[in-house]
Structure formats: structure tokens, C-alpha cells
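> Take the sequences, apply the hints, and build the full model.
Each protein sequence line maps, in turn, to chains A and B.
Residues 832 to 1136 (our numbering) are what the first sequence spells out, left to right.
Residues 18 to 372 (our numbering) are what the second sequence spells out, left to right.
Calculated from the structure, these hints are not laboratory results.
Treat the numbers as computed from the prediction; the structure is a model and nothing was measured.
Note that beta-carbon positions come from the ideal geometry of N, C-alpha and C, so glycine has one too.
Each hint can be trusted.
Counterexamples of contact, computed for chain A against chain B with all Cβ distances above 12 Å:
no., residue
1, 841
2, 843
3, 866
4, 894
5, 978
6, 988
7, 995
8, 1002
9, 1004
10, 1009
11, 1013
12, 1021
13, 1030
14, 1089
Mimicking DSSO-like on lysine-lysine, the simulated pairs with C-alpha atoms at most 27 Å apart in a straight line are:
no., chain 1, residue 1, chain 2, residue 2
15, A, 1129, B, 149
16, B, 367, B, 356
17, A, 1014, A, 919
18, A, 919, B, 239
19, A, 1128, B, 149
20, B, 174, A, 1056
21, B, 23, B, 356
22, B, 239, B, 299
23, B, 354, B, 23
24, A, 1132, B, 239
25, A, 1132, B, 149
26, A, 919, B, 299
27, B, 239, A, 1128
28, B, 300, A, 919
29, B, 23, A, 919
30, B, 23, B, 367
31, A, 1129, B, 239
32, B, 363, B, 23
33, B, 354, A, 919
34, A, 1014, B, 239
35, B, 367, B, 354
A short, non-exhaustive set of chain B residues, derived as facing chain A with CB atoms under 7 Å:
no., residue
36, 95
37, 152
38, 345
The chain contents come next:
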Amino acid sequence: MLSTIFTADFFAAILRATTPILFATLAAAIAAKSGIINMALEGMMLFAALFGVIFSSLTQSWAGGLLITMALGGLLGLILAFFVLNLKTDEILAAIAINLVATGGTVLLMLAFSGDRGTSISIQSVPAPKLDIPFLQDVPVLGSLLCGHNVMTYLALIAVVVVHIFLYKTPLGLKIRAVGENKNAAESVGISSRRIQYIALILSGILVAMGGFFMSGGYMSMFTKDMAAGRGYIALAASSMGANTPIGGFLVAVLFGIAQAFANVMQLSTIPYELIQMVPYLTTLIGLGIYSYSRMKKRQKAGGK
Amino acid sequence: MNSMRKFEVLRTVMAILIALLISFVVIFFVSEDPFNAIKWLLTGPLTSKRNFFNVVEAMIPLIFTGTGVCIMFAANQINLASEGAFHLGGLVAAVVALKMTLPAGVSPVVGIFLAACAGALFTAIPAIMKIKTSADELVSSLMINYLALYFSTFIMKYFLMDPAIGSASYPIPEASTLPTLISRTRVHPGIIVALAVAVLGYVFLYKTRIGYQLRLTGENQKFAEYSGISIVSVILISQLLGGFIAGMGGGIELLSPIYDRFSWTSLLGYGWDAIIICTLAKKNPLYTPLSAFFLAYLRTGASIMARYSDVSLEIVQIIQGVIILFIVAQQFLSRYKHKMIAQEAKSALKDEEVA
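So this is what it looks like as C-alpha cells:
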């Protein structure tokens, strides 16, 4: 088993498992930085996974499908924002509602488009391609490690940097953080907190839609019922463990990716599959406990002085 | 106060109507014969005795998890693990039924009691994590639901599985199953227990000292803390009790005439439904049977519709989602609320003048 772990294939498996979680974690981070827990990530990812299949098939291009999916993801973010910010709906209950609609709605839509209620196998979708980087792929070891991953994986890694720069180096990012830190203080210097939170939730929707697109156009090449499988929730945990920073979230998402990839390898062992399936969730739970504990101790220390 | 209550009722009704309207629009899009589909959705449960009692059967698990969630949410503990607690409750009841030889009347009682205990211990995990590590119960409870699912599937596959079936346990022995109350239906004594639990939940939350402390903490934790309430015990008691009730519901559901084996290899969703029930009931356990009846009626109607028309069952989830959105939207119809309050104030003023 060890021999299968230290290979380029295993490295690729980690990246593959990390990609959707990473997009969703970044989405959770932006929303959290603006002061909103976006638990609707789960439903948004599920919707996006289906949209990806439908629109890449209609446009016969993965890029076209991706762009439309991202736009619709932004729209879902907008809807959540409308309910939370304008109609003052509790954000958790609004998220639960969206997730419910997603569970049923995706099946209905899939049925309408493919005539099948389990998978979208009959829709001729165009998954995102794998990317080979010229020259780099000829370099031994490094080439096989860094090349040949899905385009979305590279986009996810780029997104970490972009979101980091956005949140910490741009005026809009500063405003988002200001609103999340202290809404009233931000309002007092003339920032419209509602507008900023709208923007944050729309961006959150766009990012998680990219993760959803990868689920059905990369991780797998079709949509299956409930395929988000709790990834939106894991992303919430990952983001909170990473102190809602893009870099922190990235590290935790990779940890999850390792746990998932490890679970996939362990399938070949004699350990019961159901116990292996618990590994990623257990890892997240323990990680969350350790992180929260250390933060609590730090706060207590700071408060004690 | 009276006008506030009237307003809440009005808003709930409006939310339900809007949700139904949206679902009609969806039905018009997907169906060849939309009127037929809508007819079955709305009147299906009333077409036969069996269909109607299907509604009653479907209410039972909803009342349990709904009441459990009411107690946790009343204390503002957003623990979503009742899903897993219900699942584990079912597993434990199956284990007791299959692995312990107990006399006929005793077996289901022991099974249901242990199922409830398992549920309580399970939902206590996020509570203990919150107390010991300050980890948010929302996130941790989302994670442990998956642990409950895979753990139960593991136990079923390795210790209870009937090789002849492959994906389910051995049949639950006669001595452990609950009897039917009404002939030719599957309504079982669970409905009586469920109604009792809803009433007891109400008494606990609104008529006891601890219940008051729970609600006060839910309204304003800082204030509760300053008035000397132990927040740690509120966190623990609310979630232990919530899980106890959800686990009991899971145990009863599995031993009911509806299931003859433990065959739950995916989460059943009663934990999420519970949040709808709790929202409709405004966190008051006394109203959970009513909310459960509504949801169960809708579900049964949808499944009858799915059988007799070309619209599939999943439409229910859309209706449910939209209902929640509008019921919890505080600004929804708020202008009307203002008007109502203003009118009442005006008429009160007039009364005073007359006097």
C-alpha cells in the first residue's frame, strides 16, 4: 500500500479530491469574511454540477458551459443575498431551503433534460480537459507531478492566489473584511454593508459553481443525484479551520484531499469500505476540534493578560 | 399581541400559497397533463382510507425529529445532528431486535429506549465539542451525520446482513415489531407516543424552570448568563434531550410495520424535515403535530401524484424549500404587519376616547 502512496498518481488523486472542496472553501471564506455563513454551498454546488452538464452539452464547449454555470452560480448567490439581506431571512434556514430546492430541483431538471432520474449519462456533456504544459511535461519527476491535471485544478490553485490578493490587496476586499469585522463601524465610514455583502455572496456563488462544474465535468463526467455529498458542508468546516483565509483554507482543503485520496487507496485493502468512507469526515471533525481548541486557548490567554 | 399572532398565521398561509403556486408553475413546465397532476397532489390523500392513513404514518417520524429540533433550536443550539440520531436510533433498535432475546412486550420497549439513548449520546457530541473546544455545533453536527450513516451501514453489513438480500439486515422478529392500530393500514402505536412527546416537549419548554432557562438562553445568551443560568448545562441538556427524542423516533420507525428489516443505506432526511417542522411550528413542540400533518399530507399527495401522473416526487422538496424561505423571511409582508399594528393602535385609541 505504501508503494501506491508515494507516486505521481497519488499526488494527482489528492489534487483531484482537493479541487471541488477548494473552490467551495474559497467561496465559504469570502462569504464568511463579509460576515455571512454560506451553508447553501452544498445546494449551489449541486445545482452547478447539473448546470455544467446541461450547458456544456448545449454549447458543446466546456468553457462555454463553465461560464454559464459561473453566471448561474452568481445568480444563486444573489438569490441567497436577497433573502438574507432584503427579506431578513435567517441565513442558516435560507441555506437549508436552498439546499432542499437543489436536491429536488436537480432531479426534476435532469429528468426534463435527460429522461433519467439517477444520472445524466444520456446528456452529451463536454468535461473540462486535462492540461499538459509544454516543455514542463518533459522535465523528469516534476513534469509528471505538475502536468496532466484537469484545467479546473489549475484554476482552483490560481483562485487561491486571486482570492487572497482580492481580499487583502484591493479596496473592495478591504471593504468586505471591514463589513465582516464590524458592520456598524463600516457603515459609519460610508460603506454600504448591504451592497458589500451582496457582492461577497455573488462571488461566493461563482466560486462554488466552479467547484460544482468540476464535480460533473472532471471529477466525474456526468451528473449523479446528490453528487455534492456533503462537500459544501466540509468546505464550511475547512474554511472555519483555515480562519476564513484563502491560504489557510487551501491548506485544510489539501488535508481533506489527502484524507479522501487515502480513503480511495485504502479501498484496495481489507478494511471495510464503510469505515474508509468515514475517514474524510472524521479528519475534518478532529481537525475542527483541534483548531477551535487552540483558538479558544489563545483567546483565553489574550483575555487573561 | 393578538394582531401579531394573526399576522404570523396569515404569513404562514401566504408562504404556503406562494410555494404551491410556484410548484404549479413547475408542474405546468414539466407535465403533459398538469391539471391531472395538481389534482392528485392536492386531493390524493383523501381518495381512500389507505391513502389517508399513509399521511398519519408519515407524520410519526416528523413529529419526533421536529420536537427534538424545537428543543435544541429554542435554546439557539443549531445542532443538525438529529438526522444522524434518527439513523442511529434505527440501527440500535434493529440490533436489539436481532441480537437480544427478550420477551415479546419487553423487546420493543428496550429497543426504543436504547435507540433514544444512542440518539442522545450522538447529538451530545457537538454539544461536548462546543463546551470543551468551542467548535461550532453547526459545522461539527454536519460532519457527524455522515459518520452515523457509514457506521450504521458498516454494522449492518458486517453483523446483521441477510446474505439472501444483500443490502438489508435479517428480518426484524415478530416479538420486536410494533402492532398496527387500525386494520389494513400501517398506523402503529408510535403515533400515540409521538403526540405524547410533542405535548411533553411543550410542557418541558414552557412550563418548567429548565425549559424557561433554555428559551431565555436562546433569546439572549448574555442576559441568561448574567442572570445566573449555567450556559454549559443548557447547551448539554437541550442537545441531549433533542437527540433522545430523535433517536426514539428512529427506533420506533424501524420497529414499525413500515419496515421489516434495517435497510437504511442512505440518510432519510428526517433531520432536515425537522427543521421545516420546527420553523412551521415556531419552535413550539405543541404545534409540531399540525406541521407534521401538513408536510406528511404534501408528501403523500406528491407520491400519489408521482404514481398517477408524469410529475416526479422531487417537486415536494421545492415546495418545502420555498415555504421555509417565505416563513422565515422577516420582511415578507412586513408592510402589511405595520398596517395591522397601526390599525389596532388606532382602534384602541378610539375605544379610549369613547370611554
